[in-house]
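There are 2 protein chains.
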Amino acid sequence: MKSYNVAIMGATGAVGQQMKEQLEKRNFPVRNIVFLASSRSAGQEITFKGETYTVQEAVPESFEGIDIALFSAGGSISEKFAPEAVKRGAVVIDNTSAFRMDKEVPLVVPEVNKADLRLHKGIIANPNCSTIQMVCALQPLKEQYGLSKVIVSTYQAVSGAGVNAINELKKQSADFDNAKHAEASVLPVKSADRHYPIAFNAIPQIDQFTDNGYTYEEMKMINETKKIMHDETLSVAATCVRLPVVTGHSESLYVELDGAPTVEEVRQAIANAPGVELMDDPSNQVYPMPLMAAGLDEVFVGRIRADLDNPRGFHLWVVSDNLVKGAALNSVQIAEALVGEQII
Amino acid sequence: MKSYNVAIMGATGAVGQQMKEQLEKRNFPVRNIVFLASSRSAGQEITFKGETYTVQEAVPESFEGIDIALFSAGGSISEKFAPEAVKRGAVVIDNTSAFRMDKEVPLVVPEVNKADLRLHKGIIANPNCSTIQMVCALQPLKEQYGLSKVIVSTYQAVSGAGVNAINELKKQSADFDNAKHAEASVLPVKSADRHYPIAFNAIPQIDQFTDNGYTYEEMKMINETKKIMHDETLSVAATCVRLPVVTGHSESLYVELDGAPTVEEVRQAIANAPGVELMDDPSNQVYPMPLMAAGLDEVFVGRIRADLDNPRGFHLWVVSDNLVKGAALNSVQIAEALVGEQII
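Protein sequences, first through last, are from chains V and S. Position one of the first sequence corresponds to residue 1 (the UniProt record's numbering), numbered consecutively onward. Position one of the second sequence corresponds to residue 1 (the UniProt record's numbering), numbered consecutively onward.
I should point out that these hints are in silico values taken from the structure, not numbers from a laboratory. Warning: the hint list may mix true and false statements.
Copies of the same chain are indistinguishable here, so a pair counts whether it falls within one copy or spans any two.
[Claimed, not checked] Under the rule of at most 20 Å between Cα atoms (straight-line distance), these lysine to aspartate or glutamate pairs were calculated in the DMTMM-like manner:
id: 1; residue 1: K180; residue 2: E298
id: 2; residue 1: K226; residue 2: D309
id: 3; residue 1: K121; residue 2: E336
id: 4; residue 1: K190; residue 2: D281
id: 5; residue 1: K226; residue 2: D307
id: 6; residue 1: K180; residue 2: D297
id: 7; residue 1: K87; residue 2: E61
Put together the whole structure using the sequences plus the hints.
Here it is, written out as structure tokens:
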């Protein structure tokens, strides 16, 4: 069986570590692996399939001989090094937002638009975490009934903002009685002027604001969904909110279909979809929750209900681990699809 | 100035205490006050305007001579004692769901439908907490531009489930590393078969499920909103979610208007509305959050955005203290309106 030289760029980050674990767990055909990071993290040790590797500082030459490079070290690092990796013959699977809306770059969730991988010119973008789990739930509905409108409100975990955000939540949570005056220096955005406590709070800002009053996170969900689903006429609206949850994004979705299936037909479409698990039994209080989805691969869908006024309208509750299917797993699935479809 | 004999039924509960504080703070014209509760809580002492009162066990005769009785002791207590109070000449302002959808009972948020108070036959119902703050934000939009559709996803605090839920959140929050296996015995519903941890989680169930897959909390928001706003044709959909927040409900609202105002016009309508405070300056990261709204009277509205596809569509983020405007304050405002409009 053919095997591949793989590099992980940003190997010491939360997503980089998940990428390594997914490669191990899914037994991806790795010949050699290289762990890359900034000079600050270089020298750390990482164990992969029982062998110990030293993290190297990334330089353009790091990508010599690499077949597949998984990037998750921030947008500016991707902008700098992804072209260098491509120049040296690697296919880059980039988990940052640097190239996602580039017309030359496929933006891929394998369950939805695997065929787009054939159009790649060296770089393939991994969508935003909150987009990935949403389109996994939307795709079976679009395929079977047509999809015209999506309104999503998110309930997002702090792990999407990195390990500092997790530590801040942990520290603040320990001081229940001082919640209102807890020190904050990470959320909503590390580089922003103002920081707010996340413990016992809900912050309706993820990423910076754009000029139209939406945040970048909200605009990512809107624009990426249209690109992945190949439908510029699809109406998408998003409100993105950060919660005191460690890992696992939840989404309250309202969808309008072209057809008017029964709730049971919608449930069946979700149950039969790849990568998605139906978890919907109200009479037994069965529905997905982030605390239970953390660490798991699937996109869980429950609380499926018919809108009471619109026969084409449905409500769904979608939960998935934002570091797994929302990031590392999807990147590794893209690599698997490149191999499986003989694109690489 | 005329003054009134007031009773608080459920005086030792979280809302009962807030009712007492609102009566003090707003200087409601109280002649005599009686604090009532079940036999279990009788004998406790409560201070009102510097004087100490002993909580009495409620019996039908407790309401002799009472002008206004504020009830917040659970639906079955209201069903039993409210008619007894009315029989003795009191006007009952009931904070439970017992009579809310009764056609003979006005369901009132003074900023929205104060005129309905004139139709009372002894009992006036205080709406559900999540409904009250929503209709306060919707009313100015309906008045100025007409309102056809509302889709709401809630982010609700545990204080709505009582002091046991607050204690459970506090205990679970102290054990960050054990979140997934935390002991739970209160949420989502005390009497339900299954309980789930709320710390570092989001539970998409508030109250029990009805047969159509919606919870009672969701159906309350849908039905109460139509009743308060006098519009059975208004399309309302709700998804209600419990969060690890102590006090303060947040709501992500999508509304469709009959007209197509600018975002600035929508902001002005909100800014000018009674009981509502505009808190919407994205460039300075100003938006409402539950941790900051706790303990305050207002309904705060921010994140106002035009839908990108529908010129009649707008998104709003609405936050208020569920124990204050969501319960005790609204009940006391109803009492004030009864006095002010000379209905009592």
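These are the hints, each one checked on the structure:
1. Taking CA atoms no more than 20 Å apart as the test, K180 paired with E298 passes between copies only; the shortest distance there is 18 Å, against 35 Å inside one copy.
2. Proximity of K226 to D309 under the C-alpha cut-off of 20 Å is restricted to the inter-copy arrangement: shortest distance 13 Å between copies versus 26 Å within a copy.
3. Taking the closest pair of Cα atoms, K121 and E336 come within 20 Å of each other only inside a single copy of the chain (17 Å); across copies the shortest separation is 70 Å, beyond that limit.
4. Only between protomers do K190 and D281 lie at most 20 Å apart by alpha-carbon distance; the minimum there is 19 Å, versus 40 Å within a single protomer.
5. Proximity of K226 and D307 under a CA criterion of 20 Å is satisfied inter-copy only: 16 Å between copies versus 23 Å inside one chain copy.
6. In the homo-oligomer, the alpha carbons of K180 and D297 lie at most 20 Å apart only across protomers (17 Å), although the nearest pairing inside one protomer, at 35 Å, exceeds that limit.
7. For the identical chains of this complex, K87 and E61 are intra-copy neighbours only, at 10 Å inside a copy versus 88 Å across copies, given an alpha-carbon limit of 20 Å.
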